[in-house]
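Can you build the whole structure from these sequences, using the hints too?
Below, each chain spelled out in residue letters.
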Amino acid sequence: MNRDSLPSDPQILQDVDPLSVSTELLRQGWRQAGEKPGVYSRWTLPDSDKMGRPNTLVLPLDPVRGDFVELMRDALDVLSRVAARPQADLLKTLGKVSGEIGDELRWRRESAVEAGRIAWPAGRQMYHAAELSLLSAAKARLSRSAYYGNKNGRFAHRFLESCMMGQTDVGSYIVTAFAPVRKTFGEHDPSISTARTANQPLFTGREITELLIVALQSTQEAVEHYERSSSLSGFDDAVKQGVSKEMAEAAFTLVSQRNDAELTVLWSPAQGPAVGIPESATGETTLEFSGAMADTLERAVHHLGTLSDVEYVTVVGWVKVVSRPRRGEDGVVRLQVLRGSDAGTLRVELTPTQFDLATKAIAADRALRLTGRQERLRTSYWLTQVSSIEEIDARAERAATEAPN
Amino acid sequence: MDGEPLTTALRGDIDVSARQETLQIGYLHAVAAAAGCTLASPHPDVTATDWILEHPSSAHVDDPVAMLKVQLKATYQVKPSDLNNRSFFSFDLKNAQLEKLNTSKPTVNKILVVMLTPPSADDWLVANSDEMLVRHCAYWVNLAGKAVTGKSETSVRVPTTNTFDDLALCGIMARIGQGGQP
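Going line by line, the protein sequences match chains L and E. Per our numbering, residue 1 is the first one in the first sequence, and the count goes up by one each step. Per our numbering, residue 1 is the first one in the second sequence, and the count goes up by one each step.
Among the clues, some could well be false.
Label-pair distances were calculated between CB atoms; the ranges are [to be verified]:
#1 E:152 x L:154: 28 to 34 Å
#2 E:41 x L:199: 43 to 49 Å
#3 L:396 x E:155: 55 to 61 Å
#4 L:199 x E:180: 31 to 37 Å
#5 E:30 x L:200: 52 to 58 Å
#6 E:167 x L:157: 54 to 60 Å
#7 L:28 x E:57: 27 to 33 Å
#8 L:157 x E:152: 55 to 61 Å
#9 E:163 x L:63: 32 to 38 Å
#10 E:152 x L:391: 52 to 58 Å
Calculated from the structure, these hints are not laboratory results. Glycine included, every Cβ here is placed at the ideal spot set by N, Cα and C.
Written as structure tokens, this is what we have:
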């Protein structure tokens with residue numbers, strides 16, 4: 001047994017689904033000999049040849065326990081030794097069963113040379129496009145913006161670092177990535193445990209990959225809209241779906257040589273189908289990009305870059321000033337931002353119903369949580385197209401997040 | 001040699017820690033045999049724990065086999081005479097090793113077994129027609145939840161009441177078999 005083939009990354013082992021291992025054990029003729037329900041199951045291999053190969057193993061079932069990774073490593077070591085299969089191969093099988101290895105994303109691009117090869121610069125472009133796609137999808141999951149620059153960068157890189165680069169495959173040329181499915185990501189690094197990480201919203205890897213597909217579909221629609229109308233306004237609207245300058249750039253990079261390209265996601269079966277995304281009977285979603293899209297995408301990249309002050313945000317803040325011309329009309333409130341925006345103060349356009357809610361919040365000394373389109377106009381920030389508004393007890397929430405763990 | 005008796009035995013040239021390890025493995029096998037345990041050494045080079053012991057009994061709840069992982073350590077720094085009227089002795093464990101043993105809610109329970117030996121192998125064994133004596137004695141401790149406090153090593157307390165023998169091992173396995181701790 002080559003020790004080098006043992007998976008050393010605890011995260012991979014932590015993510016292995018015990019159910020998929022027990023399925024594989026049964027398939028290879030192992031029998032369960034005992035268990036402590038929810039804690040471990042104990043397995044033996046009947047009729048083993050006793051050629052010095054182990055014939056018992058313990059499969060940990062509770063990933064929360066501190067020795068889960070250690071026992072999983074032992075179990076997979078025994079399993080691969082007995083099956084005489086490399087660990088990586090075994091993990092791939094388990095991943096197919098469990099989905100814990102991730103959703104598989106395959107970027108394919110036509111190559112003029114023989115299958116499986118690509119000119120070096122074109123290959124580099126493909127990896128760049130793949131990385132940019134993953135990063136911009138993660139950034140958009142945290143908050144919408146037409147252009148990110150470094151914004152949401154740490155969050156996005158934490159996601160990227162949890163992805164695996166897969167082997168390329170024979171085809172024109174294929175770049176493969178495995179994105180985590182159930183692993184969650186928050187705005188603040190959980191390894192730096194502070195009050196901020198305790199109650200932060202978390203997004204799963206699957207949610208980020210789903211957003212990538214939705215945003216790229218919106219990109220395709222915006223391209224079609226441009227072809228019909230010669231207007232880039234479709235891209236403005238698509239920002240809400242997660243499209244950004246970076247996302248458009250990723251799509252452009254894929255087809256920049258006027259070549260055709262496609263992205264296929266093989267959704268991990270264990271997690272089930274992706275939410276709100278059409279997929280084939282085999283659990284795949286394929287998006288095609290034609291070389292003819294390149295010019296429009298290039299225009300969109302420049303266009304979205306100029307909308308840098310527009311983003312879709314969810315903010316929490318105190319209502320300070322309310323004003324409207326007369327009862328029953330739209331009004332404007334001034335919001336002192338607690339979180340969710342770089343703006344200190346936001347001017348918020350509200351419908352009559354929303355406005356009434358805002359005035360009630362002042363009376364009740366409660367904060368508001370609002371989602372809408374934030375735009376910077378010279379020195380002031382505006383929030384328009386408010387899609388959701390709710391009163392929250394910000395004082396209680398603040399007290400809770402500031403309490404020691 | 002011309003039949004001239006050796007005053008000292010020709011012991012093999014292996015270093016003292018390797019000798020101690022082998023001695024302690026023998027001790028562990030003797031205790032496991034008397035307690036009715038099977039034992040295996042899964043992959044001592046990969047995982048921290050040296051040995052996994054299995055104790056089958058119909059008295060156990062859920063799983064009819066109670067399991068225990070054992071990490072062996074030996075020292076000649078602590079002498080039996082040091083233990084008089086002491087409830088524990090201290091043993092310095094590398095932090096990395098402690099971290100493998102201090103899982104607070106483990107799937108499989110673990111103990112550390114520290115054996116005290118005389119410094120010289122000349123003094124380790126005595127055999128006669130009635131008995132085989134192994135010197136000195138090993139003690140066990142459950143380090144679950146024990147925090148790492150030292151810079152590179154942490155001093156752990158090993159209770160002198162925790163003699164590691166067959167009765168102790170039977171007791172440990174009985175508790176684990178009921179869903180308890182060692």
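- Message: Quick check on a hinted range of 55 to 61 Å for residue 396 of chain L and residue 155 of chain E, using CB atoms only.
- Response: 45 Å, violated
- Query: Is 52 to 58 Å right for how far apart the beta carbons of residue 152 of chain E and residue 391 of chain L are?
  - Reply: 54 Å, holds
- Task: Go ahead and decide if the range 28 to 34 Å is satisfied by the Cβ distance of residue 152 of chain E to residue 154 of chain L.
- Result: At roughly 32 Å between Cβ atoms, residue 154 of chain L and residue 152 of chain E fall inside 28 to 34 Å, so the hint holds.
- Could one say that the CB atoms of residue 163 of chain E and residue 63 of chain L fall in the range 32 to 38 Å? 36 Å, holds
- Taking 31 to 37 Å as the hint, is the beta-carbon distance of residue 199 of chain L and residue 180 of chain E inside that range? 36 Å, holds
- Is it true that the C-beta distance of residue 167 of chain E to residue 157 of chain L lies inside 54 to 60 Å, as the hint says? 56 Å, holds
- Query: Does the Cβ distance between residue 28 of chain L and residue 57 of chain E fall inside 27 to 33 Å?
  - Reply: 29 Å, holds
- Query: Cβ-Cβ distance between residue 30 of chain E and residue 200 of chain L: within 52 to 58 Å?
  - Reply: With a Cβ separation near 55 Å, residue 30 of chain E and residue 200 of chain L satisfy 52 to 58 Å, so the hint holds.
- Message: Looking only at beta-carbon atoms, does the pair residue 157 of chain L, residue 152 of chain E fall within the given range of 55 to 61 Å?
- Response: For residue 157 of chain L and residue 152 of chain E the Cβ distance comes to about 32 Å; the hint is violated.
- Item | Cβ distance range 43 to 49 Å for residue 41 of chain E and residue 199 of chain L, holds or violated | 46 Å, holds
Checked against the numbered hints given earlier, this structure breaks hints 3 and 8; the rest are met.
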